[in-house]
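So the sequence shown is residues 0 to 90, counted in numbering that gives the first Met the number 0.
It is worth saying that the hints were derived from the structure and are not from the lab.
Incorrect hints may have been included.
[What the hints assert, rightly or not] Here are the computed lysine to aspartate or glutamate pairs in the EDC-like style, where the Cα-Cα straight-line distance is at most 20 angstroms:
no., residue 1, residue 2
1, Lys61, Glu71
2, Lys79, Glu10
3, Lys25, Asp9
4, Lys50, Asp77
5, Lys79, Glu48
6, Lys50, Asp9
7, Lys83, Glu71
8, Lys61, Asp36
9, Lys61, Asp77
10, Lys78, Glu10
11, Lys25, Glu42
12, Lys50, Glu29
13, Lys50, Glu76
14, Lys80, Glu48
15, Lys50, Glu10
16, Lys25, Asp36
17, Lys61, Glu72
18, Lys50, Glu72
19, Lys50, Asp36
20, Lys78, Asp9
21, Lys25, Glu35
22, Lys25, Glu15
23, Lys50, Glu15
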Amino acid sequence: MEFLNLVQGDEQAVAEYELRFATLAKYAPEAVATQEDRCYRFEQGLRPEIKRGLAVRIINFKTLVESAIQMEEAVIEDKKKGEKRGSECIQ
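With the hints as extra help, turn the sequences into a complete structure.
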């Protein structure tokens with residue numbers, strides 16, 4: 000079943016992953032029967048660098064998605080800063 004193997008792709012934004020997750024979850028209601036089940040499955044599919052940033056277990060789906068988006072923004076910002084520092088060293 001595609002839903003059970005769903006993960007966030009390397010270039011996929013959290014919002015895109017959440018949309019795909021919601022679409023496929025309709026076909027696997029038993030896998031997301033409770034809010035906690037839904038959160039667990041969503042979190043397990045997040046990219047590792049985003050999942051690591053979610054240190055506490057969040058059992059409210061909306062809060063989890065919002066937190067994951069914030070973590071994604073922080074990861075992107077860190078990468079930009081790292082690239083900027085790297086280019087400054089080369090000059």
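Right, here's what the structure says about each hint:
1. Restraint check for Lys61 and Glu71: satisfied, since their Cα atoms lie roughly 15 angstroms apart, inside the 20 angstroms limit.
2. Pair hint Lys79 plus Glu10 holds up; C-alpha atoms about 15 angstroms apart against a cutoff of 20 angstroms.
3. Between Lys25 and Asp9 the CA atoms are separated by roughly 24 angstroms; this puts the pair beyond 20 angstroms, and the hint is violated.
4. Taking the CA atoms of Lys50 and Asp77, the gap is near 16 angstroms; set against the 20 angstroms cutoff, the hint holds.
5. A distance of roughly 15 angstroms separates the Cα atoms of Lys79 and Glu48; the hinted pair therefore holds under the 20 angstroms criterion.
6. Simply put, Lys50 and Asp9 have alpha-carbon atoms about 13 angstroms apart, close enough for the 20 angstroms limit, and the pair holds.
7. For the hint pairing Lys83 with Glu71, the CA-to-CA distance comes to about 18 angstroms; that is within 20 angstroms, so the pair holds.
8. The straight-line distance between the Cα atoms of Lys61 and Asp36 is roughly 13 angstroms, inside the 20 angstroms bound, and the hint therefore holds.
9. With a C-alpha separation of about 24 angstroms, the suggested pair Lys61 and Asp77 falls outside the 20 angstroms cut-off, and the hint is violated.
10. Our distance criterion of 20 angstroms between C-alpha atoms is met by Lys78 and Glu10, whose separation comes to about 14 angstroms.
11. Of the supplied pair hints, the one linking Lys25 and Glu42 holds, its CA atoms being roughly 17 angstroms apart against a limit of 20 angstroms.
12. At roughly 24 angstroms between alpha-carbon atoms, Lys50 and Glu29 are farther apart than 20 angstroms, so this suggested pair is violated.
13. Between Lys50 and Glu76 the CA atoms are separated by roughly 16 angstroms; this keeps the pair inside 20 angstroms, and the hint holds.
14. The hinted pair formed by Lys80 and Glu48 meets the criterion: a straight-line CA distance of about 16 angstroms does not exceed 20 angstroms.
15. Distance check on the hinted pair: Lys50 and Glu10 sit about 15 angstroms apart at the alpha-carbon level, within 20 angstroms; holds.
16. Distance check on the hinted pair: Lys25 and Asp36 sit about 14 angstroms apart at the alpha-carbon level, within 20 angstroms; holds.
17. Under the criterion of a C-alpha separation no larger than 20 angstroms, the hint pairing Lys61 with Glu72 is consistent with the structure, at around 17 angstroms.
18. With a C-alpha separation of about 13 angstroms, the suggested pair Lys50 and Glu72 falls inside the 20 angstroms cut-off, and the hint holds.
19. For a cut-off of 20 angstroms, the pair hint linking Lys50 to Asp36 stands: about 16 angstroms separates their Cα positions.
20. In summary, the hint linking Lys78 to Asp9 is supported, as the alpha carbons are separated by about 14 angstroms, within the 20 angstroms threshold.
21. Taking the CA atoms of Lys25 and Glu35, the gap is near 16 angstroms; set against the 20 angstroms cutoff, the hint holds.
22. Pair hint Lys25 plus Glu15 holds up; C-alpha atoms about 16 angstroms apart against a cutoff of 20 angstroms.
23. As the CA atoms of Lys50 and Glu15 are separated by approximately 16 angstroms, the hinted pair is consistent with the 20 angstroms bound.
In summary, the numbered hints that this structure violates are 3, 9 and 12.
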